[in-house]
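Chains as they are written, first to last, in the UniProt record's numbering: chain A, 1 to 537; chain B, 1 to 317.
Derived by calculation from the structure, the hints in this document are not laboratory data.
Treat each hint with caution, since some may be false.
Claimed, not checked - Output of the computed footprint for chain B on chain A, the stretches with three or more beta carbons under 8 Å from beta carbons of chain B: (1) 387-399; (2) 435-442.
To be verified - Derived lysine to aspartate or glutamate pairs resembling EDC-like cross-links, with alpha carbons at most 20 Å apart: (3) 68/A x 141/A; (4) 111/B x 205/A; (5) 70/A x 121/B; (6) 221/B x 205/A; (7) 111/B x 248/A; (8) 202/A x 121/B; (9) 12/B x 141/A; (10) 111/B x 203/A; (11) 59/B x 203/A; (12) 498/A x 135/B.
We treat Cβ as the ideally placed atom computed from N, Cα and C, and that holds for glycine.
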Amino acid sequence: MLYFSRWKVTAILLTIFVALVVLVPNYLSSDQIKNHWPSWLPGRQVVLGLDLQGGVYLLYQVDVDDYKQKRLKALEGDIRQAMRDEPRIGYTGLGIQGDVVQLKIRDADKVTEAAKRLGNLLNPLSTGALGGAAVSEFQLDQGSDGLMRLGFSEAGLDKRLGTVVQQSIEVIRRRVDQMGAVEPSIQRQGSDRILVEAPGEKDPERLKNIIGRTAQMTFHLVDLNVSPDEAAKGNLPPGEILLKQKEEGGIPMVVDETPLMTGEDLTDAQTSFQSQTNEPVVSFRLSTSGARKFAQVTTDNVGRLFAIVLDDEIISAPRINEPITQGSGQISGHFTVESANDLAVLLRAGALPAKLAVAEERTVGPGLGADSIAAGERAALIGTVAVVIFMLAAYGLFGVFANVALVVNLILIMAIITILQATLTLPGIAGIVLTMGMAVDSNVLIYERIREEQRLGRSPVSAIDAGFRRAFGTILDANITTLIAAVVLFQMGSGPVKGFAVTHVIGIVTTMFTAITFTRLVVATWVRYRRPSVVPL
Amino acid sequence: MRLLRLFPDDTKIPFMKWRKWSFLFSGLASVLCFVVLYTHGMNTGIDFQGGTLMEIQTKSGPANLEEIRSTLDGLGLGEVQVQSFGADDDVLIRIARQEGGDEAQTAVVGKVQAAFGDSVDYRRTEVVGPRVSGELAENGILGIISALALIMVYVWFRFEWQYSLGAVIATLHDVVMTVGFFAITQVEFNLSSIAAILTIVGYSLNDTVVVYDRIREMRRKYKRLNLVVLLDLAINQTLTRTTNTALTTLIALAALVIFGGEVIRSFTASMLFGVLIGTYSSIFIAAPILIFLDPQLAGDKSAKKVEDDGEEAAEPA
């Protein structure tokens, strides 16, 4: 056990040297790395967790019920349209009942034709051409007496949700990219969740506002013939709805339910300033087809008001003074520069396909983060020093060996964290400190064993050799069981807890290396040069 | 230089003689843990209950808890807890889960921020919705069970089934004690507490495995030695190692508890407790329980006597 071939010694020392090189960028500023640090050397720095550098962790849940209602509403409209096609099919009781849209066909001999038309609305999502079963979003159940029920098919809904999550992620990414500054990670979690982590974000409320807004923009014609008070009592003409104003204290307005146009007709939106008042406004540009539609509508309705609606709230309702044919316009609504900017970002990035709700939110301010780093560093320093002193007192020269191994261990842990770009959290620092305490266990095991062997009358060399050999199995078993618990923790954990598991797992692995290989090398070297007659243990 | 040794060499402490007492003690303590858990429950944090936690720091001087409490009560958010957190300008606010879905929970933060405005620094905000909290609790329990199962398999594979069972019983003992620690002290039980328990499981097993390793080695060497004598010998031989390792780990943990900050104190404090318990259980539970699990391990006629002895003793917890 005490003989090391030349290449092994080289490999051990090289490992430590490489680890040191990996650590250097952590002590450089990003400018220094860019300009002075050779680009062929690893230039990564430790990634600090949200709890250390401050930031936001947001877990969004797609509002499945809301999405279903939205789809059913659209389906209801489509059904109405389909029955209206010539020759018309008479029906009664069209409406949404829980998770299905149902209607009753009046005329018994038109049921087949109606079923055929409804069949066209099932919205096939995959054809089943490649051997898979064909999947449609909806399925049609035909009851007696011409009763028709259209509801989601299970596979269809799953597939739609998958797309919704994917689209939402794209929209969110476009939005935060345009916000600049932060560089959040956006990931899908499970079937209907999205995780957004934004380290260093100082304004979580703004981020939440940008991400969580559905940002469905629509233009509606305003009906001034119905008073809002009447409407509030429920006296609404069919096809019209009452919407509240975004501005506090604004009077609600009655508008056409079917929008003139939607955010999808926009190609661009920018913040600008109104020439007369210098108030921030959002100017938008319409697509070619959108511009044509808008020109037609504004020509037909000169003098009327149209409401610009964002997520069911009226932002403003300007009067159409003249036909707008150039395909662009401005939205004013008492914006500040920032809120105008945010709206422009939302409009450019597009609407979310479904409502998102925050299922879990964790925010750490930069002040607490800095305090936590300081506390973590202090605890790590004091803990390590105390362990070092204890080992010196208990094992003397061999304590020095153990302490050198401890420092090497620390270097390796930090280097591996840097290379893997694992996130270092406050519990992660605790994991490192705990590792410092537990790491010397291997040394203790070996030393106690050497002591025992020596007391049984073995020569120093043979006692040391036997000590390492016999302790090896124990160290392996003990560390593997600890490792199992740590790996389970890593699997189930998230955020800070995962951070603890990461450093704990890394620490166990590096400890095995330093105890079995590095300490042995140091002790072997010492034996070779000193040729001790007694092991001072 | 004279080296520090906590125990002289060749200690002959009759640990096995005390096993009735240690089993009795552990048994009673376990019962107590369950009773307190049943009567008082655990102070489960928002991770498992859902709700809102906010840490704020006043910008001018020490915080007036009464004032903060009455401000919050005025918001009509249901049950609100206000407590000082570490420093006297640092306040922890816990708001119980709101009626309604996820959105109702996140709305709370906005209300609180509107109430305090810029007069305080919002150091930390955590909101956990009802759906997520249920899953977190489930995952935590699943994690502990799967860790125990995996370790049982590993120890079984490396040793014999009696050791495997003994190790798991001893570890379970530590888990029960730690859960009891949370129930009795009413320290908040959250996600990091699950992490603490899993770490304790890891540490306790590490310790137990070292003792078992020595027992196995002794059994191969002294095939005819009485099991009780053998267990005592094995524990005495590994005693310095057991205490030294426990000491270095406790030193490191104590540094974390004292200097590591308020945020992770419940995490570090419960680990400190767990390491103590884990060390105790390796010596006083894991080793003597082998006597009950299989007297034949001794491979000797004297085993018969041990078995009789075992039947008299109280069942282990």
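Right, here's what the structure says about each hint:
no., hint, result
1, 387-399, "holds (count 7)"
2, 435-442, "holds (count 5)"
3, 68/A x 141/A, "18 Å, holds"
4, 111/B x 205/A, "12 Å, holds"
5, 70/A x 121/B, "40 Å, violated"
6, 221/B x 205/A, "68 Å, violated"
7, 111/B x 248/A, "17 Å, holds"
8, 202/A x 121/B, "12 Å, holds"
9, 12/B x 141/A, "82 Å, violated"
10, 111/B x 203/A, "16 Å, holds"
11, 59/B x 203/A, "19 Å, holds"
12, 498/A x 135/B, "16 Å, holds"
Of the numbered hints given earlier, the model fails hints 5, 6, 9; all others are met.
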